[in-house]
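J.: As a plain string of letters, each chain reads:
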Amino acid sequence: MSAPAIADSVSLDSLQPTLRVEALDHFYGEEDSRNQVLFDNRIEIGPGQLVVMTGPSGAGKTTLLTLVGALRSVQHGRIEVLGQSLSTLGQRELVRMRRNVGFIFQMHNLFDALSAYENVKMAMQLGDRPVAEMRERGTAILDRLGLGNRVDYKPRSLSGGQRQRVAIARALVNRPKLILADEPTAALDRESAHKVVDLLKETTIEQGSTVIMVTHDHRIIEKADRLVHMVDGRIASDVVLHDSMRICEFLKTVDAFQYLTPIELTHVAEKMTKRRFVKGDVVIRQGEAGEEFFLISDGTVEVMREGHDVAALGAGDFFGEGALITGEPRNATVVANDNLDTYVLGKADFGAAIEASRSFRDQLYRAYFLRH
Amino acid sequence: MTATSNFGGERRPVGFVPLAWRNLLANKPRLLRSSGGIGFAVLLMLMQLGFERAFFNASLEVIRLLDGDIFLQRASKYRFATKDPFPRRDLEAARTVPGVVNAWPLYADWHHVFWQNPTNDKNFLVRIFAFDPDQPVLPLPKLEGSPKDLSDLDTGVVDRRARRFLGMDPQPSAAELNGSKIKIIGSFALGPDFENDGTVVIGDRTFAKLLPNSRGGPPDIELGVVRLTPGSDPTTVQQAITAAVPSDIAVLTKAQLLELERKFQADVSSAGPIFVMGTLVGFIVGLLISYQIIYTDVAEQQPQYATMKAMGYRTRYLVQVVLEQAVLSALAGWVPASLVAILLFRIVGEVALLPLHMTLELALVSLLLTVGMCLISAMLAVRRVISTDPAEVF
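Heads up: the sequence lines are chains X and R, in that order.
The numbering of the first sequence is the numbering used here, which starts it at 46 and goes up by one.
The numbering of the second sequence is the numbering used here, which starts it at -18 and goes up by one.
Hint data in this document are derived by calculation from the structure and do not stem from the laboratory.
One thing to keep in mind: the hints can contain errors.
Unchecked claim - Capping the alpha-carbon separation at 25 Å, the derived lysine to any residue pairs in SDA-like fashion look like this: (1) X:Lys199 <-> R:Lys190; (2) R:Lys190 <-> R:Thr234; (3) X:Lys324 <-> X:Arg291; (4) R:Lys103 <-> R:Ala56; (5) R:Lys9 <-> X:Lys319; (6) X:Lys199 <-> R:Met258; (7) X:Lys319 <-> X:Arg220; (8) X:Lys199 <-> R:Gly(-4); (9) X:Lys199 <-> R:Gly160; (10) X:Lys222 <-> R:Lys9; (11) R:Lys9 <-> X:Val285; (12) R:Lys9 <-> X:Val196.
What the hints assert, rightly or not - Selected chain R positions facing chain X (in silico; Cβ < 10 Å): (13) Ala7; (14) Pro10; (15) Phe146; (16) Gly197; (17) Met289; (18) Ile367.
Remember, it's a predicted structure, so these values are computed and weren't measured experimentally.
Virtual Cβ for every residue (Gly too), placed ideally from N, Cα, C.
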């Protein structure tokens, strides 16, 4: 299997993580009063993730966000946003870069003189949407946030929650690939906060956007895919919370999915279901038709061919893909060694994932048929 | 990335949010205060500029009326309204120059003739003009009565628009000039200027009797009024006359005569600097007021401007919005102030008998000053927008 030939058929852009931070330090002040606020931060965040940042105040969360959002210049280290290194950009390009990022601030900062729609339109004017389509798009997103009957209201005649939702509509209207939010729900009532978080979550799934949010709101943390905790200018922990995120991390290692883009991987992960086996269960049996692909979440299995043990697999390992690719019967039997948690992908969804890249499929077929 | 954005300060396509306009109209009480404040300063400037123009126009009015192409006066005469006459024979020398149809004298006096108000017998210094009634070189505006009758000795016509205290309106039947009785046979409407309260026009014979030459002969001439044959070149004739008359006589076109007077008023008299100072004070008051208004507005919207920067708007765009809003504020102050000025000019012009008018030139000059004033304020206030750090809004 020659990788370069395959890579040609896949857009390189979509393979890139949304955000990559390497060895990032940051200082405030000059000379003697220089004060380091970020220490050697590293993180890589792929598309479609809702990342929640927590940590005590002064931990550097906001500084990191403003650096990532091109609001400050990078001093030491490297930040790549959507494949573009920020440190190499001049002031003018930094301003341009900001147009690819949706900002949601604690304060809504709407223009009192402009209606809800016009405030959203100010953002659309920076995008590439024709003027003729702006009204429709602006109304649609306000409607989506429950402001369909407030489109032409001035901020003064809106409640605090409604104003914040207008600001969120403004941040999301250009469908940015990266959304940075600082305590966006702090000023919201329960219902508004729900609407906002649901919409942000939806953007990550539907548009593959990455949301990085500083919050202490447990209602949001529950929905996060990933939890980054900062202490004293350092990333103290970085935990993948959501199943699909875990699955993605596993799927990356599967040959068959090696050339799927991160978004496509997420889609595959979303379609997998959890299935539990107990000790001694036969997960697949040699000679049967292949219907499913398995990924081990927890526990171990024994792989047997013609009655002999050939391998033992553990968490993060996978099996069952061969029969799905070749269409031949199962070439081995897999038995649970103890209690076993798996993620299962059906034949049709597996096929669809492989179909995602036709030339890749051809390569894959060749590889598998040559092997057998 | 260049092609993906259709905006950001580079250009302003039609159909985009008119932010400056919306900001201006958003807060009606604030708009009212703003146009009131800026308008007040504009009114100050307009009154100064209006009075300045009235002052100049009033002093130039008589020169404009003169019916001639070339004028002779003593070279040492530094302005029109000062007595510095020259002998009659110098004017006669000009008559013989080719291209000259005729040359007639205008007699005048500003300093020596007192008019006695016939209703209260008080004496007032007046301006006197005199000419040959058959050669009316100074056509009088809205003259009622026949100038021919001025050939009778001790007759005169008076200015209906002279200041009230002179008692020239209603037209008296008789009055006294320097103690001698004269018959008032008509009136005209000229009006006072800043130095002269009223004008009496008499025949040359009456003038000679009133202010005889110290040598006893005919009085000296204040201004020689020369008419040219149609089609002759004024410059050539002007040069020929200059050669024909003694060197202490200046030969001027009407434009040069007007310019001499204007220059005197603007540079030599105290009037020019006074009005310039007055206008400047209005301008500075306007600067302070408009700076206060614009700065407050910018400061209030600073978080919004910072957010715009974070969204990817260029500083240039934001500066443009502030300047645009300043120009709109200038207009919002200038329009009502100009309307009030038109009304005030009418009233003050009537009361003070001054030619106060809102002309196109005055409108443009004041508009330019107002816009300039607001733009300077905006440029000072906009520093706050330029220095706004988008990272601070997080």
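J.: All the hints need checking, so say for each whether the structure fits it.
T.: For each hint, the structure was consulted:
1. Restraint check: the Cα-Cα separation between X:Lys199 and R:Lys190 comes to about 83 Å, which exceeds 25 Å; the hinted pair is violated.
2. The hinted pair formed by R:Lys190 and R:Thr234 fails the criterion: a straight-line CA distance of about 31 Å is larger than 25 Å.
3. A distance of roughly 24 Å separates the Cα atoms of X:Lys324 and X:Arg291; the hinted pair therefore holds under the 25 Å criterion.
4. Between R:Lys103 and R:Ala56 the alpha-carbon distance is near 36 Å, which puts this suggested pair outside the 25 Å criterion.
5. With a C-alpha separation of about 62 Å, the suggested pair R:Lys9 and X:Lys319 falls outside the 25 Å cut-off, and the hint is violated.
6. Distance hint between X:Lys199 and R:Met258 is unfulfilled; the C-alpha atoms sit about 45 Å from each other, more than 25 Å.
7. Note on X:Lys319 and X:Arg220: the hinted pairing is violated, with a Cα-Cα distance of about 32 Å set against a maximum of 25 Å.
8. For a cut-off of 25 Å, the pair hint linking X:Lys199 to R:Gly(-4) stands: about 19 Å separates their Cα positions.
9. Straight-line distance between C-alpha atoms of X:Lys199 and R:Gly160 comes to about 80 Å, which puts the hinted pair past the 25 Å bound.
10. Of the pairs offered as hints, the one joining X:Lys222 and R:Lys9 is violated, with about 40 Å between alpha carbons and a cut-off of 25 Å exceeded.
11. For the proposed pair R:Lys9 and X:Val285, the alpha carbon gap of about 53 Å is over 25 Å, so the pair is violated.
12. A C-alpha spacing of about 22 Å is found between R:Lys9 and X:Val196, which places the hinted pair at or below 25 Å, so the restraint holds.
13. With its C-beta approaching chain X no nearer than about 3 Å, R:Ala7 sits inside the 10 Å limit, and its interface hint holds.
14. A cut of 10 Å between beta carbons decides the hint on R:Pro10: the least distance to chain X is about 13 Å, and the hint is violated.
15. With 10 Å as the threshold, the beta carbon of R:Phe146 stays out of range of chain X, its nearest partner Cβ sitting at about 57 Å, so the hint is violated.
16. The interface hint given for R:Gly197 is broken, as the beta carbon of that residue sits about 83 Å from the closest beta carbon of chain X, more than 10 Å.
17. A hinted interface residue such as R:Met289 counts as satisfied when its beta carbon comes closer than 10 Å to some beta carbon of chain X; here the least separation is about 7 Å, so the hint holds.
18. A hinted interface residue such as R:Ile367 counts as satisfied when its beta carbon comes closer than 10 Å to some beta carbon of chain X; here the least separation is about 13 Å, so the hint is violated.
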